[in-house]
Structure formats: structure tokens, C-alpha cells
Amino acid sequence: MPTTPDHTPRTTVEERLFSLVLALIATEIGLTKSDILSTVQGYRQRFLSDGDNSNLERQFERDKDDIRELGIPLETVHPLDDPGNNHLLRYRIPKGLYNLPADVSFSPDELMLLKLAATVWREGSLSAESRRALTKLNSLGVDSSDPVLGYAPHLRARDASFAPLSKALDHGQVVAFLYLKPGESSPRRRRVAPRALVLHGGRWHLYGTDQDADATRTFLLSRIVGPVVIVPGETFLPSGEGMGQQALDELDALWQANIAELDVEAGSDAAVRLSKRKAGKPMADTSPTGNDAESTLTLHYTDVDILADELAGYGPEVYVRSPLALRQAVRTRLVGVRDAHTGQAARELA
Amino acid sequence: MTGRLPALGASDKLTFLLSLIPYLMDHDSVTVTDVAAHFGVSPERVRDAVRLIAVSGIPGETHQYLDGDLFDIHWDDFEEYDRITLTHLVAIDDSPRFSAREAAALIAGLQYLSSLPENADRDAVASLMAKLSRGASAPPTQLAVSSPDSDTAMAVIQAAGRDGVQVEFDYLNARGEHDHRFVDPLRLESVDSDWYLRGWCHLRQAPRTFRLDRMSELGATTQPVGSHGAGLMLPDSLFQASDEDLSVTIELPASALALLADYAPDRRTTAVTGHRVQTTLRVAHHHGLKRLVAGLAGIVTVLEPTEARQAVADWAAAGAARYDDPTGEA
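Protein sequence lines correspond, in order, to chains A and B. Okay, so the first sequence: first residue is 4 according to the working numbering, each after it adds one. Okay, so the second sequence: first residue is 229 according to the working numbering, each after it adds one.
The following block holds chain B by itself, in its conformation from the complex (with noise of 0.2 Å):
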């Protein structure tokens, strides 16, 4: 192995072209538009598809590609009304099965869903991967992803979602304070082992994004959701930079850069000695700082400004204080 991709893009063509032929056949006479909507692709990409396969073939017995060894489609048909009929086959006739390492991304994906309310039936899910394993030219590569309880708060949004109903719980926001909230669900999102709720906050009158893990008496009311949520769009990015945000100053080894890559925008570094680099990092408050330094100790240290600095030293001699227990027991 020479460790060498193939020609990005190349694959995807080869598998769409691949997968496009099946399709056609199961169909008649299918409008380009159609076709692009069921798999997700442009128009022109499916237009360009169907010239190539009208042309290709095999070389046949006199190696010269002759008519009868070729594709061919109802010309008329897709110049002038952009419709699709397959009129001659040659050699597959069936879509090709996945790789093993195709098979092993839908399977830990699934995996990794397992919480959601819509894989509740395990069984349906085994059977599932199962059919995936089967469908592969060779045993999936062997990626696993543990699979989380299923969670009781995704549960009752997904239920209040189909139901057109608000929820409300207790929240506990990243600065700290506690309050009650009634939400409009709009989107489940998830970063690894993070869950999130998007929504639109009664309270704040603005779509918001909350923890499900910072979420506490959790229910969906009998107040129906309002119209603020249709034709909203949501950000694509869950981390919202602000204004407001504080500036920090912190020294960390290039390697761990990686770890703050939620906080760091501008990716500016600034070598020190050694591995180890000087960035700036945007949080929105010393709350949420102090926490993040805390759990990377030995890692990041924050150098300026002196409150922030101060805040995060405080909190561990917080910590650490708890511990000078006078029976000497730590």
C-alpha cells in the first residue's frame, strides 16, 4: 500500500454511476429532477451521469464498442424533456454491495444513535446491522461504539416535537443560574457524548441551544408550539462566538490544541519554548473558563488577564482545599 488516495472525487462518481443504473432500471422514465432529489445531487450532476453511461459499454467480441455493447437511452426523451428511460443494459443489472468499511460507517453511526427515541426497538436496530454486514463484500472493519442508555429527555422531545407541544424544565445555564424554561423543540444536535436542544425559548423570546444534560424535571406541557420555530433558520455552528466573549491568553502544548478547538477561531498561535504554544481563547465567561483549565490541569495554563487568572486559581485552591481535611485523611 502506498498509503495514496484515489482521485478525490472520482470514487463518489464511480459508486453514483454505479448506483444510478439500478435505480434507472426500476423505473421507466424518470424526470432528472427526480432522480437528483432522491439521491441528494445537483441536476447537472445527474444530467452529466446519464451522458457517460449512454456511452459506455464493453468492448465485445470485436473490441471495438459497438452499439449492441452499449448503454443506451431514449435520446429524445431526456434532450428535450430532461426525462430518463433506460432503452439497453449491459453487464449489471443489480446495485453494488457495500464496502467493508461502508458498512462499518452506517454501523457504528447506528451505534452511536442508539438513544434516539426512533431506535428504541433494539432488536429492529440488531437486524438492521445485521443486513449491512450481509450487504458488504467483506467483514466490516471492526468499529464499535459503546451505545448509551436510551435517554428518557430525548424521549419527550421527539414525543412534544410530533405532538406540536412545548417542553419545560428547570435550567441551569453555563454561567451558573438556575431558571424555568418553556421551548419550542426544533432540532436534536449532538457533538460526541454531548446531546443539545435547540429550540425557541419562551423566556428569551430567541432561539436558543441547551444541554440535555444541564436540564433537570424535564415535561412536555399542553401549550402548542407558536410559530416563531417555522422558517427559522439555525446556525450551523452549535458554539456562537460574541461580542461580549472574554479574551484569554494561555499557554498549552501544541498537541492539545486540538482539545480547544471549540474556543480558539482564529487558530493564531505564537511558539514558546519547546512544544509549547501561546493562542488566545474566547470564552464567555470566568465560569465557564475556570471549568475548562480545571479539567485540562498540567495542560493549559491561563496567562492573562490576572482576573481570569485569578479566577481559575481560586476555584482550584477551592478544590484542593476541600481536601486539607484535618484528620489528614487525603
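Bound conformation, chain A alone (with noise of 0.2 Å):
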């Protein structure tokens, strides 16, 4: 074993990633830390085989989570007869958890649709996910068929919550954050262990388990004032799969509970617009005041501040009719916005 560090130029993050995936797929029975500490190509020449390697082993811990964090699966054996022993652990890469399922194939026509599902992230960590995913499809060499027409789909999460959010889902970690429902004058602070991130009637919502009313909620990120923290030691076990389902159910039944019942003006943006709403229907041909000027729809809605936050762009487009809080709400808005912009402006303008 080479005493001391070789003399070829260092080699790269890529290199030594790739090196140490290499060598513990290869291996059956695993590699001590000290193994691949001092045989790796990437650690060997930094090592020191009597001397302090406490860096080498950082950087040989970020490594393991890098890898795990790509999918890969980096197991740790732990020895039968001595399991305390942190010195004998072993660590490999099984080939039949790392290989892709042999059944896992896709057609022409579905690599298109995956290609397209990968070009809706255009920012944040899941474009760099996507854009991983899709490699990984490349691999299969399928050629993917074209679309008949060009698309560009592009979905934001622009809500500054997303990222940390989806990050705590991931790692079973419970958060805390100030949450503002409206009409409550100050925000709240919520302890939540994230179960699903689900994208619902254009917003993102939290579907989580709120640790302090020990039940189960939905937040809207909207809602969320202020960073979203990690509660130190507070983990959970992720509850698998169903769960981004199951809160597309519960808001799904929300949403068709909730009727609102809306006058338009017949040919606005509001008529064209509104009626194009899932289950926007028109109820009849002319209200029953015998206006034609005016229709009468019916909309169903998730939350009643969101939608009245819409309607009131609509201006005197818009006459809701029931239900009565919603009523309120965009006659608030609306007088709201009246007063705040009638008279000067309360500022000196330079």
C-alpha cells in the first residue's frame, strides 16, 4: 500500500464519486471506511497511513449522503458479532437495489410524455431533479417520439416555503412556522410533521400532521409568514405512498362541497373566463331579474378568501349571490380598494 500521496493531479468531485459507487457495487461483503479511505482512487492519495485522515472521513460522510441523495443505495452492514463497533461497519452498493427493475421499460411515446413532465420544472431543485431523471431515462436508449405540436409547460413554486418544505417531507423532519389564516390579526406558530406537497386549484398546499393538535391539516403556503424552520431532533416516519392522494381527495371534496352562485355580465372577461372553470355552468340563460345583459353561474371553490381575492378583479363584472361569506368578502376587497385609492396619495412623491 503506497505510503505517500501519489503525484498525479487531484482528481475531480465526479471522479472520486464515481470511483467509490465503482467500488462498493463491486463489492459483495462491503468495504470498511478505512478500506475505501485507503484504496479509493480519489481518497487513496490524500491518505495518510499513519497519520490523521479526520478530513478524508468528512469528506468521505458528505460523499455517502451526495450518492444517496442520486438514488443510489449505499448500504451500512453492520458487523453480527461486534454490532457497536463503529470501526468494523461495512458499507457496499447492492447490485439488484442499484439496477433498474428489468420490467421498467418505456415506449417511444412514453419517453415523449416523460421528457415534457421534465420540462415543467424550470426552477428550483426539482428542475435539477427532472433534468437527472431524464438521464437516467436517456440511458434506456429509447428514442422518444415527437409531439404533434410544440410544447413549453412550465409550472412555478414560487412560494419561498416550497424548498424547505419539500426538504423536511423528504427527511421526516417536523417544521415549524407562522401561519396567518385570514381573518385572525397575527400569525400562529405550527409545529408540522409534512406529509404531502400537493399542487391544488392553482396553489401549493401542506398536508400535514399539526403536532400540537395531534390531527391532521392542510396549510396554504401563502399562508406561511416568515422561514420555515427544522424543529432539532423532532423526526417521524414518513407515511409512504397515498398521501399527495389522499389531500387532492380531501380538498377535491372540499371544493365540490363549496357552491358559490355568481351574476356576470354577459361578454365581459368575467363571463368568458369564469365559465371556462371546471363546472363554471352557466344555470340559465338570463338571470331570473330578465336581464340579458346578465348570466348566472355556478362555481365550486376550495377557499372562500382566495376566490373572493379573484371575483374582486372582476370588478362590477361580478355580482356573487350566495353564499354570504363570500359575499362579504369581495365587497370588502372591492371597498377596500376604493378607499385606499380615492384622494392623493398619502406620501410625499418626490
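These are calculated hints, taken from the structure and not from any lab test. Ideal placement from N, C-alpha and C gives every residue a C-beta, glycine not left out. Possibly wrong hints are sitting among the right ones.
Quick partial rundown of chain A residues pointing at chain B, CB under 10 Å, derived from the structure [unchecked claim]: (1) Val80; (2) His81; (3) Pro82; (4) Leu83; (5) Trp124; (6) Ser130; (7) Thr138; (8) Gln331.
In silico BS3-like cross-links for lysine-lysine, where the CA-CA straight-line distance does not exceed 25 Å [as the list claims (entries may be wrong)]: (9) Lys170(A) - Lys67(A); (10) Lys98(A) - Lys67(A); (11) Lys359(B) - Lys170(A); (12) Lys170(A) - Lys241(B); (13) Lys241(B) - Lys184(A); (14) Lys67(A) - Lys36(A); (15) Lys98(A) - Lys241(B); (16) Lys359(B) - Lys98(A); (17) Lys36(A) - Lys98(A).
Each chain sits in its own coordinate frame; assemble them with the hints.
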């Protein structure tokens, strides 16, 4: 074993990670940390056989995390006869868990859909995840078919809380944040075990267990004020698949149960756009007042305040007939905007 | 967890190396150009990866990385003809699985696109998602996107694109004007829940962008598309600033700036009091501004010019007046 570092050029990060993956896949029984540091390309050049390797050990710990983040199943094997002995821990990547299962293959049409799906995320970590997933898909050598028409879909996750919440979701960490419910004068601190992040009605929602209420709650990301922090030491077991669907089902049920009845001015922006909405169905050809210039339509919704924001934007083109809470919420908004814009602007213009 | 991100690029490069090997295994001899095109990367990136693979391997029994422990390629083919031929393999011979987050990103992307005509076969999409889950090394992160109803407008536009014919529709533009348009469809784009058609507009004799939810009476025509669309470079951004845009000064909480990202290209702000800031918004006309501001009640206030302030006030006042019911219901 060489005791002095080589004079070869310093290896790159990807060469070190690549060599580590290869070495750990090739081993059946696993390699100990000292095996790895002393023999694997990228570590061995810096390994001191009779010195302090703590920097290199920390490097190895970080590399392990990075490799696992890529979905590579890097396992730790505890010695059977001496489970507490960290020096005897072995590391390996079982080939059967590394390889894509043989029955997972994709047709050219499926690949076209997946390529489109990957272009949906253009910012943040999901964009990088999509890009890497595509690279892995391309390794299968299938050429995708071309869509008939060009598509450029784009989904944003603009809420600042999205990234920290999705990370906490992955790592099973309890988070805390200030949450401002409409109608409450100040935000309240919530401790939540995140279960799913779902997009419903164009808004991102966090579905999770409120640790204080010990019950499942749905939070709108746009109502989270300030930073999302990890609660130290509080973790939970991920609840497995199906939580996202469960969250969507609950929101759908809520959406189904809430019905607004509106009069909209014929031919207006409100009439054209709201009638396109899922279940934005006209109730009758004319409103009960017999006024041809208006029609009545019904709209499902999940959150009265969000719908009120949207409807207020339509100004006089929309009149809310029911429910009363929505009617009042829209009126309050319009009166507020009117009053805020009446008279001189309350500031000194330079 | 430290919250530290892996060195930017290293994760991508490693993924590429691990993906390239099974691809090369399945292709006895392939040109660098073909590989680059298939993976959508530059030829130089392919060459770098091949050079690294060719000198990599496992420590082996001797711990010396001897020849038999390393990958090997046909060097003459590579250096003289830019062709890649793997001649010796080590350790891996299959594609890697997806990570939980990678699978989740694609699954959520598919859910978001479920209204596309290409996704009309729901069973096929469900089986595709199941395959992604099975191909992941851990259960996919719980990220879900509600599926909008399949949109007939998209199906009409897609079919017209396939048949090479124009579409026609009544359009209510952003200024509130109605007219009838004939358009050569070029691309369907979206931002969150809003979908847009970009195409060559025969009325305006120019490329234009149309919101799907502002179209009525949409149908395919029998008129073939013109040649304008071919080779037309559409700008990447949906929202184009124009010299005729109005500059409007507004005040809002700093935290709400993201809501207006499409309108404030310069991002210059002046702090006022507390968390409130002033900034300048670029809007095409009052018609759009008053709707935008009334939809952000309690958040955004227009300060100047006076006409813009007045337009917003009038709009909100007219809306509020509808509730000044003589019966006193509201």
C-alpha cells in the first residue's frame, strides 16, 4: 500500500464519487471505511497510513449523503458479532437495488411524455431532479417520438416555503412556521410533520400532522409568514405512498361541497373566463331578473378568501349572489381598494 | 443534515457517467455526435465523460487499479474517428434507479400535463406513473398535482397542428376588445394553471400569444397554415415589455413582490416604512391594471400617476356599488 500520496493531478469530485460507486457495487461483503479511504481513487491519494485522516473521513461522510441523494442505495452493514463497533461497519451498494428493475422499460411515446413532464419544472431543485431523471431515462437508449405540436409547459413553485418544506418532507423532519389565517389578526406558530405537498386549484398546499393539535391539517403555502425552520431532533416515519392523493381527495371533497352563485356581465372577461372553469356551468340563459346582459353561473371553490381575491379583480363584472361569506368578502375587498385609491396618495412624491 | 447542496454539477456529472455506460453497452460502436444528440449534451461533455470512464474502475485485489480492473475503450476509434466502443466493463452493466425525488418530479409533471391530448389515455398514464415508482430506489416523495379536466380547446388545437390547418376563434383581448382570429398554431405554453397558444395571427399578420380561457367558439378550419410559422423564432418570454407600456408606481409589502414578478422587470424598490416598499410596475393599459390591483386587495396600492389611481378607484367603486342593494342585503 503506498504510504506517500501520488503525484498524479488531484482527482475531480465526480471521479471520486464515480470510483466510490464502482468500488461499492463491486464488493459483495462491503468495504470498511479504512478500506475505502486507503484504496479508492480520489481518497487514496490523500490517505496517510499513519496520520490523521479526519478530513478525509468527513469527506467520505458527505460523499455518502450526496450519493444517496441521487437514489443510489448505499447500505451500511453492521458487524453481526460486534454491532456497536463503528470501525467494523461495512459499506456497499447491492447491485439488485441499484439496477433499474428489468420490467421497467419505456416506449417512444412514453418517453415523449416523460420528456415533456421533465420540462415542467424550470426552477428550483425539482428542475435539477427532472434533469437527472431524464439522463437516467436516456440511458435506456429509447428515442422518444415527437409531439405533434410544440409544448412549453411551466409550473412554478414560487412560495419561499416550498423548498424547505419539500426537503423536510423527504427527510421526515418536523418543521415550525408562522401561519396567518385570514380573519386572524396575528400569525400563530405551528409545528407540523409534513406528509405531502400538493398543488390544487393553482395553489400549493402542505398536508401534514399538526403536532400540537395531533391532527391532520392542510396549510396554504401562501399563508406561511417568515421562514420554515426544522425542529431539532423531531423526526417522524414517512407515511409512505398515497398521502399526496389523500390530500388531493380531501381538497376535492371541499371543492365539491362549496358552491358559489354569481351573476356575470355577458361578454365580459369574467363571463368568458369563469365559464371555462371546471363546473363553471351557466345555470340558466338569463338571470332571474330577466336581464339579458347578465347570466348566472355556479362555481365550486376550496377557499372563500382566495376566490374572493379573484372575483374582486373582476370589479363590476361579477355580482356574488351566494354564499353570504363570499359576498361579504368580495364587497370588503372592493370597498378597501376603492378607499385606498380615493383622494391624494398618502405620501410625499419626490 | 446540514442543508448543504452537493457541489453544483458533480451530481449531474456522476449521473451522466452512470447513465452513459449502459447506453454504450447496448451500442457496439457509436459516434460522439450521436451520443451527444441522444442525451442532449455537448459533444465535448461526452468526450470528457468517455475519457474519465476509460481510466476508471475498481481497486481490485491488488488495490492498484490494474488494467483488468478498469473500463477500456477502443482508443484508436475514439481518437481518430470520434467513435466510442467499450471493450471492457467493470462493476456496472445496468441503468441506475431514480431517486425518490426524481421519480416524484416526473410524476407530478405528468399529473400537471394530464390535460394534454397526448395524455388522454388515463390508464396508460397511470401505468407510466406506476413504472416510475417501481423504478425508484425509495417511495417517491409525496408531491401531487391535481389533474385539471381534459381541455377540449387543447385537443382542437393539437389536431389542427397535426393536420396543418388554421384554427379560428372569437377572442377577448387583454384590453377587453372582441374580435375573430385565424391563427396558425405553433406552440402551446403554460404558466401554472394558465395556458396560452402561440401562433401566427392572420388578422395582425404577426406572431401573437392567446390565452386559452379568453377564446370562444374555437374550431379548426379547412384553411392550410401559411409559411410564416416555419422557422419563426418565438421569444422565450410570454410577457413582452413594450415602449408603449405605462409606468405605474405602487406600494406593497416586500414579501408580495414575487406576486408581481411578471410586471416588474427592473426589480428596483425603495423601502418605505416597516416592510412596505415602493416599486414601478410596467403594464400595458389601465384595463389590466385595475383588475390586477383589485385582485390584490389590501396588498397593492397604486400611488401614481393619478389617472391610474383613478381607474382603480372607479373600478373598485363600481364593483362595490353593486352591493349597495336597496334591500340592504349585503
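Pairwise hint evaluation, lysine 98(A) against lysine 359(B), where the allowed Cα distance is 25 Å at most: holds, 19 Å
Hint consistency between lysine 170(A) and lysine 67(A) [alpha-carbon to alpha-carbon, up to 25 Å]: holds, 18 Å
Status of the hint placing threonine 138(A) at chain B (closest C-beta pair under 10 Å): holds, 5 Å
Hint status (Cβ of leucine 83(A) to nearest Cβ of chain B, threshold 10 Å): The hint is violated - leucine 83(A) has no Cβ within 10 Å of chain B, the shortest such distance being about 25 Å.
Distance restraint between lysine 359(B) and lysine 170(A), which requires alpha-carbon spacing of 25 Å or less: At roughly 24 Å apart (the allowed maximum being 25 Å), lysine 170(A) and lysine 359(B) satisfy the hint.
Given pair status - lysine 67(A), lysine 98(A), alpha carbons within 25 Å: Given that 25 Å is the threshold and the Cα spacing comes to 17 Å, the pair holds.
Hinted pair lysine 241(B) and lysine 184(A), Cα distance within 25 Å: Given that 25 Å is the threshold and the Cα spacing comes to 44 Å, the pair is violated.
Interface hint outcome for glutamine 331(A) [beta carbon to chain B under 10 Å]: With a closest approach of 7 Å, the glutamine 331(A) hint holds.
Hint status (Cβ of histidine 81(A) to nearest Cβ of chain B, threshold 10 Å): For histidine 81(A), the interface hint is violated, since the closest Cβ of chain B sits about 20 Å away, which is over 10 Å.
When the least beta-carbon distance from serine 130(A) to chain B is tested against 10 Å, hint result: holds, 8 Å
Restraint check for lysine 36(A) with lysine 98(A), where alpha carbons must lie at most 25 Å apart: Holds, because 20 Å separates the two Cα atoms, which is no more than 25 Å.
Residue hint proline 82(A), partner chain B, criterion CB-CB below 10 Å: With Cβ-Cβ at 21 Å, over 10 Å, it is violated.
Of the numbered hints given earlier, the model fails hints 1, 2, 3, 4 and 13; all others are met.
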